[in-house]
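S.K.: Sequence:
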Amino acid sequence: MKKNFSLTAPNKKPDRQVEWVKHEINKYLGRERRKTLPEGVDYWDFDCKFGADESSAAVIHVSEIGKKIDGIVLENRPSFYIEILAKQAKRLKRDAVSVDNESEDGESDNEQSED
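The numbers in this note's numbering rise by one with no breaks, and the one at position 95 of the sequence shown is 150.
Some hints here could point you the wrong way.
Distance condition first, Cα-Cα at most 16 Å in a straight line; then the derived EDC-like pairs of lysine to aspartate or glutamate [stated by the list, open to error]: (1) Lys142 x Asp97; (2) Lys145 x Asp102; (3) Lys58 x Glu109.
Read the hints as simulated data drawn from the structure, not as lab findings.
Let's have the full structure, built from the sequences with the hints guiding it.
M.R.: Structure (structure tokens):
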């Protein structure tokens, strides 16, 4: 999805238009997440860009979309650009041994040294 959303509509109140925009974005994310995963893939990840227009769009995490839209509304901007591209992703498993070693090597904040 690469789209410019307008936050003003002649037949809608501004708050309802913002809700509609968020709903459209969430609908797209849900539709992409429901697609069948290829073998060897754990989940769908998203590359997102957000900005006032396409040239000023910056990379953001998918969880920040709602906050960015709220920020645009507070700035009283009439529209914004969003780009969401789905990509395949695989979870990286942590090595349990390395996690245990790191916790043993590090000192706890509660420990006090005696001088």
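S.K.: If you draw a straight line from the CA of Lys145 to the CA of Asp102, is it 16 Å or shorter?
M.R.: With Cα atoms ~15 Å apart, Lys145 and Asp102 stay inside 16 Å; holds.
S.K.: Does Glu109 lie within 16 Å of Lys58 when you go C-alpha to C-alpha?
M.R.: holds (9 Å)
S.K.: Is the Cα-Cα distance between Lys142 and Asp97 16 Å or less?
M.R.: Given that 16 Å is the threshold and the Cα spacing comes to 11 Å, the pair holds.
The structure fails none of the hints (numbered hints given earlier).
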